[in-house]
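Trainee: With the first letter of the sequence shown counted as 1, position 327 gets the number 313 in this note's numbering; the numbers rise by one all the way through.
Hints should not be assumed to be uniformly reliable.
Claimed, not checked - Okay, derived cross-link-like pairs now, DSS-like style, lysine-lysine, Cα gap no bigger than 27 angstroms in a straight line:
#, residue 1, residue 2
1, Lys60, Lys43
2, Lys222, Lys318
3, Lys343, Lys265
4, Lys343, Lys66
5, Lys43, Lys355
6, Lys66, Lys43
7, Lys43, Lys265
8, Lys222, Lys265
9, Lys60, Lys355
10, Lys(-2), Lys265
11, Lys343, Lys355
12, Lys43, Lys343
13, Lys66, Lys355
Source of the hints: derived by calculation from the structure; they are not laboratory data. All of these numbers come straight from a predicted model, not from anything done at the bench.
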Amino acid sequence: MTDSTQESQKLKDLYLLGNQSPWLDNLRRGWITSGELDRWVESGIRGLTSNPAIFQKAIEGSADYDLQFGQLIKDGVAVKQAYWDLVTSDIEGALAALAPVYESSQGVDGFVSVEVDPALARDTERTTADARALHQLIDAPNLMVKIPGTSEGLPSIRTLIGEGRSINVTLIFSVPRYVEVVEAYISGLEDAVANGIEDLSQIASVASFFISRTDTEVDRRLQEIGTDQALGLRGKTAVAQAQVAYQQFLSAFSGARWEALAAKGAQPQRPLWASTSTKNPNYSETLYVDELIGPHTVNTMPDNTIASFITSGSVRRSIDADPEASELILRKVAEIGIDLEHVAAVLEEEGVASFVKSFDELIATLTSKADQLL
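Make the full structure from the sequences, and use the hints.
Mentor: In structure tokens, the structure reads:
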């Protein structure tokens, strides 16, 4: 990251002028021990997200974990438990770095997210138990546990919110599923009231809407159709879908039902734009930042996307600049033969499988390393 005051101001402007919280979508041990993460926070980063793929890259690509891992194995700790001990150490370090943001924002920002075992994405009861255990293991007010926004995950989200736990709902790929996630959150808050939680202000949640993967899949299908109209729609669906979802956000968090919860301190479940690095080199590197800026939103960016945004991004309210145009794009995509619900189902399966693969590969690597130590 850059040390330039002028450039580092860009992230602060995103929050102060754009009313959007920039979060960092990456974590590694060296950033914590070197103070680099503290510098990210000083530059304007207001939260952090992680996932199994991030931890796989961090642990396999660095010797920073070897000492702790070696000691755990010598102490007889099983490999999978040793993995969670490594992750917990990183998450606790990140939580400490973000704690001042959590305190100064009065519990709106400063969160660090850690994901449940991705293999549990289709198991409601085990997801609930795993998320509950993570909250109990890492007992910090600014921890968010990530639960996939699968149909099986929705009951877990409602249950855990009803218990007063903060949740990051991940892997959302469609507007209809986003609406279901919002309903799970609001219903969970109502359950929390019924469970005797009088102050809802300590319960926080974000709904992580994945962006770039949608364009990758839709563009592939548009390319197959091959007409001028189809090709002219490439690179537009992901932004339009997120902008339409934002209109759903504005609707859901207004009116009598929401106001009754807000009176008890409830926070809106902010849309979080995830997977915001562009995969197509023909698109601007800051496309999924520049076009999704607006109040009560979060954009979690990998460090390379943050660097691009600092250099060439623009801060302006864009998320609701033209809602009708966004709806029109989605209609045109549907009319040309792209089933966005099918796209979302494919991406959800791929997303879950990708995280499971990263998790399994890392466990295999650690198992091999453990065998060498014994």
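Trainee: Looking at the structure, which of the earlier hints fail to hold?
Mentor: Violated hints: none; all satisfied.
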